[in-house]
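Undergrad: Chains E and Z, in that order, give the protein sequences.
Note that numbering that gives the first Met the number 0 has the first sequence beginning at 0, numbered continuously upward.
Note that numbering that gives the first Met the number 0 has the second sequence beginning at 0, numbered continuously upward.
Treat the hints as calculated values from the structure; they're not laboratory data.
Fair warning: this is a prediction, and the values are worked out from it, not measured in the lab.
Using N, Cα and C, we set each Cβ at its ideal position, and we do this for glycine too.
Hints are not guaranteed to be accurate.
Said to hold, decoys possible - Label-pair ranges, simulated between beta-carbon atoms:
(1) E:L120 / Z:L464: 42 to 52 Å
(2) E:R495 / Z:R58: 22 to 32 Å
(3) Z:P262 / E:R495: 24 to 34 Å
(4) E:E460 / Z:Y104: 44 to 54 Å
(5) E:G151 / Z:A208: 48 to 58 Å
(6) Z:S385 / E:L120: 45 to 55 Å
(7) E:G504 / Z:N278: 34 to 44 Å
(8) Z:G107 / E:T384: 36 to 46 Å
(9) E:R450 / Z:R70: 20 to 30 Å
Number of protein chains: 2
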Amino acid sequence: MPNPKRIVIVGGVAGGASAAARARRLSEDAEIIIFERGAYVSFANCGLPYHVGGVIQDRQRLLVQTPESLRARFALDVRTRSEVLSIDRANRAVLVRELETGKEYRQGYDALVLSPGAEALRPSIPGADDPRVFVLRNMQDMDDLMKTAQAGDKAVVVGAGYIGLELAEALSRRGLKVTLVEKLTHVLGLADAEMVAPLHEELARHGIALRLGTSVQAVQPDARGLNVVLENGERLSCKLVVLAVGVRPETGLAKKAGLDIGPRGGIRVDAQMRTSDPNIWAVGDAVEVADFVTGDPAVIPLAGPANRQGRIAAEAIMGRESRYASTQGTAICKVFDLAFAMTGLTEETLRKKGKAFRKIYVHPAQHATYYPGSHPVSLKLLFDTSEGRILGAQAVGVYGVDKRIDVLAVAQRAGMSVFDLEELELCYAPPYGSAKDVVNMAGFAAANVLRGDVELWEPEELPLLTDQALIDVRTEDEFRGGHISGALNIPVDSLRDRLKQLPRGKELLVYCQVGLRGYVACRILTQRGLRARNLSGGFKRWQMCQGAGFVPPASESEMRNEEGGPAAGKGSRL
Amino acid sequence: MPNPKRIVIVGGVAGGASAAARARRLSEDAEIIIFERGAYVSFANCGLPYHVGGVIQDRQRLLVQTPESLRARFALDVRTRSEVLSIDRANRAVLVRELETGKEYRQGYDALVLSPGAEALRPSIPGADDPRVFVLRNMQDMDDLMKTAQAGDKAVVVGAGYIGLELAEALSRRGLKVTLVEKLTHVLGLADAEMVAPLHEELARHGIALRLGTSVQAVQPDARGLNVVLENGERLSCKLVVLAVGVRPETGLAKKAGLDIGPRGGIRVDAQMRTSDPNIWAVGDAVEVADFVTGDPAVIPLAGPANRQGRIAAEAIMGRESRYASTQGTAICKVFDLAFAMTGLTEETLRKKGKAFRKIYVHPAQHATYYPGSHPVSLKLLFDTSEGRILGAQAVGVYGVDKRIDVLAVAQRAGMSVFDLEELELCYAPPYGSAKDVVNMAGFAAANVLRGDVELWEPEELPLLTDQALIDVRTEDEFRGGHISGALNIPVDSLRDRLKQLPRGKELLVYCQVGLRGYVACRILTQRGLRARNLSGGFKRWQMCQGAGFVPPASESEMRNEEGGPAAGKGSRL
Chain E
0 MPNPKRIVIV GGVAGGASAA ARARRLSEDA EIIIFERGAY VSFANCGLPY HVGGVIQDRQ
60 RLLVQTPESL RARFALDVRT RSEVLSIDRA NRAVLVRELE TGKEYRQGYD ALVLSPGAEA
120 LRPSIPGADD PRVFVLRNMQ DMDDLMKTAQ AGDKAVVVGA GYIGLELAEA LSRRGLKVTL
180 VEKLTHVLGL ADAEMVAPLH EELARHGIAL RLGTSVQAVQ PDARGLNVVL ENGERLSCKL
240 VVLAVGVRPE TGLAKKAGLD IGPRGGIRVD AQMRTSDPNI WAVGDAVEVA DFVTGDPAVI
300 PLAGPANRQG RIAAEAIMGR ESRYASTQGT AICKVFDLAF AMTGLTEETL RKKGKAFRKI
360 YVHPAQHATY YPGSHPVSLK LLFDTSEGRI LGAQAVGVYG VDKRIDVLAV AQRAGMSVFD
420 LEELELCYAP PYGSAKDVVN MAGFAAANVL RGDVELWEPE ELPLLTDQAL IDVRTEDEFR
480 GGHISGALNI PVDSLRDRLK QLPRGKELLV YCQVGLRGYV ACRILTQRGL RARNLSGGFK
540 RWQMCQGAGF VPPASESEMR NEEGGPAAGK GSRL
Chain Z
0 MPNPKRIVIV GGVAGGASAA ARARRLSEDA EIIIFERGAY VSFANCGLPY HVGGVIQDRQ
60 RLLVQTPESL RARFALDVRT RSEVLSIDRA NRAVLVRELE TGKEYRQGYD ALVLSPGAEA
120 LRPSIPGADD PRVFVLRNMQ DMDDLMKTAQ AGDKAVVVGA GYIGLELAEA LSRRGLKVTL
180 VEKLTHVLGL ADAEMVAPLH EELARHGIAL RLGTSVQAVQ PDARGLNVVL ENGERLSCKL
240 VVLAVGVRPE TGLAKKAGLD IGPRGGIRVD AQMRTSDPNI WAVGDAVEVA DFVTGDPAVI
300 PLAGPANRQG RIAAEAIMGR ESRYASTQGT AICKVFDLAF AMTGLTEETL RKKGKAFRKI
360 YVHPAQHATY YPGSHPVSLK LLFDTSEGRI LGAQAVGVYG VDKRIDVLAV AQRAGMSVFD
420 LEELELCYAP PYGSAKDVVN MAGFAAANVL RGDVELWEPE ELPLLTDQAL IDVRTEDEFR
480 GGHISGALNI PVDSLRDRLK QLPRGKELLV YCQVGLRGYV ACRILTQRGL RARNLSGGFK
540 RWQMCQGAGF VPPASESEMR NEEGGPAAGK GSRL
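Just chain E, with the same shape it has in the complex (with noise of 0.2 Å):
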């Protein structure tokens, strides 16, 4: 079907607004139909949270693109307050209402692109149709929201995954107090637990309370406002709630025209993002993508995954090759001063698919340690256990974490091995790096596994053995501050000379703050046919999984020391 004449497109955000651009370009013939149900098409819907906080201030600024500025730049006929009601696929004709004046009509088409999105999910809590109960998704949602929250009020965010988050310092920084309230037992479920504890520091230093491991019973009004019953009986008092437990695609209209949808529940498309009807396809944060790890299908609202799909949906209409490859879900949130960002899978996600993996992390400072301003890059990074491939990557701090996700993205997707990693040439100067960079210190750290020069322990495995010794090989300074009950003091640079103050027979279980010492100290242990492993991540990445309740809670000691050895980087608040 090359160069059909009548292209209607069904949602006119991003997945919908780019195939609309996109098939213009390629077509000054065709005409270009969107139907957008809501008031606005193309609008900054990332930016939500933003202009909710006050950061965005111009409210304008949110609306990227109108009906107008659509139809002259790209002679696009855009109806919004306009709903698709029913796919006529034997005929090839949408019936749509208007919903201003409620009339109703047929539009015929060549192809059909369909971009509904995901809907906000509003559990079936007693009490959440309130008026004062609130999700946000588009631009009213976002004025209904703001016209409520007053400075000084309380506010209950539901559910913790980046819309949360983000609405939480919205709300905080809009002057409200907040609590978060997330079902898990850590914030961004999509997460790893130990690489977002960091995010529960940050959340309580600016003030969010947060009731994690929690779900909310009901929504009760009374004579002050409302009042939000969580499963342990607490009761939260609030003048508003804000509903941010996850999305569903919206597939209403697909599933009616009887297009095949997913194992996920996403409406099922091929990689030229064709549904199951040759003349119809599907975009954005309705469909199911290939997962780039496991080409399982995967339902990931994603804005950027979005784009390329209208994009490629528009080139296979106009008869060209494209192909949506598949999503690495890469990712990331802002909460407060810290960033965290992922990409691949996680540890969570290798296990439930039961795919064998290694693990490391590493903590190095995201420029020069000796010009000011450095701070620690927490970053894990999951490998295959024979070829090193990546896997996965997660990484958290102040600075520079969207550069290194991007870069273990970049990677990932080209098939590079943690081999590779060691060898990437990063820009360097003191200001923006390190001759070493984190991610290269990453593929060190991971390819001394791979190639035997050092073996791991695991905190999970440490209430389980018997045999061990547990060797903290920083200063004394730093192991006062605090350090893992029972383990011995022996800093790396006296090791050498103490090794005879080594307890006889026990397996050396090392560690030091971030990981360096840690390995240097094996290497020294074993080539003296001493056994001998690292903890990977050190005493820093001990504290993350205490956050995350993997280990047992610090006792009073282990509390205090926060800031680390001279490899962690002064000022670091992580």
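Chain E is fixed; fit chain Z onto it per the hints.
TA: Chain Z in isolation, oriented as in the chain E frame:
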């Protein structure tokens, strides 16, 4: 030669220190001796200009390691102020002079690693031996320079490479009035002229006087200090001069020992960093490596490669199979508020080597334009004409320059094409990026060229053309603010309605502010059978070319437009 007993390393900074540390981690048995001519080992030579400028206030921060710390951690025998005078290859020994005592002695080796670095060139200018004429290579140079440099004095920096630029900024921050003299007509001779034109403005904005395209003929002392006499006759009065005219591999020792020297004047090594003598390795600024793109021998003095080469030499010495691949030349330089970074080859080098290439320019913002603080990243991408492989990239901007060049450096190393760049899945949230990142945008622009969706015109063509018409498709306001002389203004949004106003029978040379609207305009025009080409990078790139002298300087009216259209981002200084 597995596990040699005695490893001798000449030079204790980047490459040498890395080789020593790695060798120790691989072997606790070896005797490892480092000879360092200077007083310090493993100091932060990249940090020297920042201490001069007061950004790194504590001089101690530059001393990353000391002989004592290296002895404690790695059991290294570090001998500073010890110069290796010659190599007795037949007997595997070096002759060493203790600089403090004048005592000379022989030191045998099983494996020898040369890491002598590069020496700062001192051009044979009359007067260049005056003690107020400095170079900056080590701690001593820095200390000497800082003793002389007094706030309020005038200084002349000769040479505008990375070090010259960093020093000009440093001395200016120290309160000196700085003139920067560069023989070439642009700073950073390794870069393409138009891509560093914004640095000229940035330097001027911060009070650095630039003298481009002229060289220093003599340095003459007078009663008030020094006079720097330029080729153009100008005399610059000053209190001190810093020479930063480049470096040369320090190959004296290698040459005297009869080791092979390569065509570019560096020590010749194989992929394991082994010289023509099987018991001698060489690493760092003194060696020749293979250029990543061409495979040609190249001398690329960078800290990252030096560190990796040191590591690889140590592994080779210990019988491991590691290989040094090649060097891309990824580098970055801070010039006040701007960053310039590059990877791979430049247009100038590609032309010199006679390699066919295509190029595009884009200027997207570093993050969502609706999020506060957005600034453009001006990116030039060079790629091959057939498969679209990445040949090189350069970028300049306020934020996010390092990230984009890092991403492109990884993509280049992985052998990715511009089509792969379209599909990269990078971190996106409004504070960090855009759903279509700078690198995606570069991929789109480049792929459009290779797919034949748009043809481009180049600023350099303009004076040669006769049967063409220039069409400016920006808004009337933008046009009034400045345009290319002779252009006809038809805003893209009214182009479809004003086709009749286009000159008949002429090829249309279209441009907009950054290249996006020009591309849309060309699609509109060519699909109607008109001949049209776009200016990649738009008027903004035109202005960069003006800065580089490729095109006629701006008239009064052209100068007024600094800001550009909506896509250029508000508040930009680029």
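Undergrad: If a hint holds in the structure, say so; if it does not, say that too.
TA: These are the hints, each one checked on the structure:
Checking the proposed 42 to 52 Å range against L120 of chain E and L464 of chain Z shows it is violated: the Cβ atoms sit about 60 Å from each other. Taking the beta carbon of each, R495 of chain E and R58 of chain Z are about 31 Å apart, inside 22 to 32 Å as hinted. Against the hinted window of 24 to 34 Å, the Cβ-Cβ separation of P262 of chain Z and R495 of chain E comes to about 45 Å, which falls outside the hint. Look at E460 of chain E against Y104 of chain Z: about 52 Å separates their beta carbons, and that is inside 44 to 54 Å.
Judged by the Cβ atoms, the range 48 to 58 Å given for G151 of chain E and A208 of chain Z holds: they are separated by roughly 55 Å. The given range of 45 to 55 Å is respected by S385 of chain Z and L120 of chain E, whose C-beta atoms sit roughly 49 Å from each other. At about 41 Å, the beta-carbon gap between G504 of chain E and N278 of chain Z stays in the expected band of 34 to 44 Å. Restraint check, G107 of chain Z to T384 of chain E: a C-beta distance of roughly 43 Å satisfies the suggested window 36 to 46 Å.
In this structure the supplied range 20 to 30 Å holds for R450 of chain E paired with R70 of chain Z, their Cβ-Cβ distance being about 27 Å.
Going down the numbered hints, you'll see the structure goes against 1 and 3, while the others check out.
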